[in-house]
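Trainee: Take a look at the letters that make up each chain.
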Amino acid sequence: MRYGYYPGCSLGSTARPYGISTKAIVGPLGIELEEVDDWNCCGATEYIALNKTAAYALIGRNLALAASQDNLEQLITPCNACYLNLKKTDYYMGKYPKLAELTNEALAAGGLSYKAGSLTIRHLIDIVVNDVGYDAIAEKVVRPLKGLRLAPYYGCLIARPEMGEERLDDFEHPTYMDKLLATLGADVVDFPLKTQCCGGHMTQINSEAGYILIRNLLHNANENNADAIVTLCPMCQLNLDAYQSHVNRHFKTNYNIPVLYFTQMIGLAFGIEPKELGIGQEFVSAAGMVKKIGTEPEVPEPAKPRRKKDDKSLPMPGKRVEG
Amino acid sequence: MTEINTNQAFLEEVISATPGGESLLTCLQCGTCGGSCPSGPDMDHTPREIFAMIDAGIKDEVLRSNTPWYCVSCYYCMVRCPKEIPITDIMYTLKRMSVRAKLFDNSDAPDFSKTFITFVENFGRSFEVGMAALYHATHKPLKKFDMGPFALKMLIKNRLALLPERIEGIDQLRAILKKAKSLEGV
Chain A
1 MRYGYYPGCS
11 LGSTARPYGI
21 STKAIVGPLG
31 IELEEVDDWN
41 CCGATEYIAL
51 NKTAAYALIG
61 RNLALAASQD
71 NLEQLITPCN
81 ACYLNLKKTD
91 YYMGKYPKLA
101 ELTNEALAAG
111 GLSYKAGSLT
121 IRHLIDIVVN
131 DVGYDAIAEK
141 VVRPLKGLRL
151 APYYGCLIAR
161 PEMGEERLDD
171 FEHPTYMDKL
181 LATLGADVVD
191 FPLKTQCCGG
201 HMTQINSEAG
211 YILIRNLLHN
221 ANENNADAIV
231 TLCPMCQLNL
241 DAYQSHVNRH
251 FKTNYNIPVL
261 YFTQMIGLAF
271 GIEPKELGIG
281 QEFVSAAGMV
291 KKIGTEPEVP
301 EPAKPRRKKD
311 DKSLPMPGKR
321 VEG
Chain B
1 MTEINTNQAF
11 LEEVISATPG
21 GESLLTCLQC
31 GTCGGSCPSG
41 PDMDHTPREI
51 FAMIDAGIKD
61 EVLRSNTPWY
71 CVSCYYCMVR
81 CPKEIPITDI
91 MYTLKRMSVR
101 AKLFDNSDAP
111 DFSKTFITFV
121 ENFGRSFEVG
131 MAALYHATHK
141 PLKKFDMGPF
151 ALKMLIKNRL
161 ALLPERIEGI
171 DQLRAILKKA
181 KSLEGV
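From first to last, the protein sequence lines are chains A and B. If you read the first sequence in our numbering, its first letter stands for residue 1, the second for the next number, and so on. If you read the second sequence in our numbering, its first letter stands for residue 1, the second for the next number, and so on.
Each hint should be verified, as a subset may be incorrect.
[As the list claims (entries may be wrong)] With the C-beta cut set under 7 Å, the calculated list includes, among others, these residues of chain A facing chain B:
#1 106
#2 197
#3 291
#4 292
None of these hints come from the bench; they were simulated from the model. All figures in this text were calculated on a predicted structure; none of them were measured in a lab. Quick reminder that beta carbons are idealized off the backbone N, C-alpha and C, glycines included.
The following block holds chain A by itself, in its conformation from the complex:
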């Protein structure tokens, strides 16, 4: 199965483990990804906040490049924000002729054009669960994720707007990742907040507002005794993982929940070494979780926090040290 591939900017930086694990599992799954040549940023949620036509043209350039490359018909992206932006631009260009005309007028300045509907935009997990399918995945599981309690976190952008076609699943309570994780042998826990927003860029704009949304999600996973949260979006992973210690400091909580990508979980179940899946690059260490499924990860245990110099109390076992 051959698809056009739009990785998005995060996969080269903050979401490197997502990129690494995606590359590691596509071979075994029989998926062939052909990266779009010279793709550009999709603008995330920022570009359209300041410019409208330019925002659609920015995304339009990617669509135009992909559509003219080796007769690609399907364009895959692993990022929720890129997925929504690409899909929305394709759909809006078909639905609103004026928007399509302006976008193409701008694209013409770069010698490009795009006709709505030329590409089908899909999320990576869509082709994994629907094109490859649960049965084919189950056949390849050599190290079932037995005993692991996982909270499937979808985030908002993949679940929401319909954009002309039937949605992948229900927009509030999708289950395809639940089924995927169950196929890998894991115990899927109830996670009622599975499509609630992680706050996106809020940590940068009003950190408290962002931390509240992150805390809600961590709290919900913790209440259900999840060993890890599994996500399919770079922004969700970054917020829940990298800002978990900020949240703990801010609310005086003590969450310690690793946040991994679904591609990493597939890789683990397929017997791929944790290091080859980018496991170990997360802020909240997944070493304990990986150990639970009987592999010895080449991941260093997190260093024990040092006692503060001015801490006059007696050193007690299990005492939590801030920071």
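Fit chain B to the supplied structure of chain A, relying on the hints for placement.
Mentor: For chain B alone, kept in the frame of chain A given last:
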């Protein structure tokens, strides 16, 4: 006595700047949008109130409000709206109008967007290191001390690109964006 708004200019402006904006006229004032919004409690006015204010022509107060800037673009309101109003797109429209009108007095969110865009327009890709440095140094100088350890940890975990990647077709992209902005009148 209730005043009837005869000035529909603002309403029309919002509608024409939003794909599918006409459906704003069908708003039932049911409040499902605000009730679904993760940022609802932080907003000066819920989306429902904002729509009533747009209808009433209260332009300055709408554009001064933090509501669009607290929208996290999660589209919850949009999929739950019984009249299928593209609420998230209307929030984007209000952001653009408020930047142009220079009415929103807290520039954190607009500046974050501007910084992000600067890198996209210069390299074709986003670049976290440069973006964080520029945004925090020029905008939140006190917070940058907080950012140091965070960035260091990102680096140790090999999750930051140290140099921005520039796409080959950057001139082509710039030409496209320049043309697009001229068409939009910005």
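Trainee: With chain B as the partner, please determine if residue 197 of chain A meets the hint condition of a C-beta pair closer than 7 Å.
Mentor: Status holds, d = 4 Å.
Trainee: Tell me if residue 291 of chain A is really an interface residue toward chain B, meaning its C-beta lies closer than 7 Å to one of theirs.
Mentor: Since the shortest Cβ distance to chain B is 20 Å, the answer is violated.
Trainee: So, residue 106 of chain A near chain B? Judge it on the closest CB pair being under 7 Å.
Mentor: Given a least distance of 4 Å, the restraint on residue 106 of chain A holds.
Trainee: Holds or violated: the hint that residue 292 of chain A contacts chain B, with Cβ atoms closer than 7 Å.
Mentor: 22 Å, violated
The structure is inconsistent with the numbered hints 3, 4, although it conforms to all the rest.
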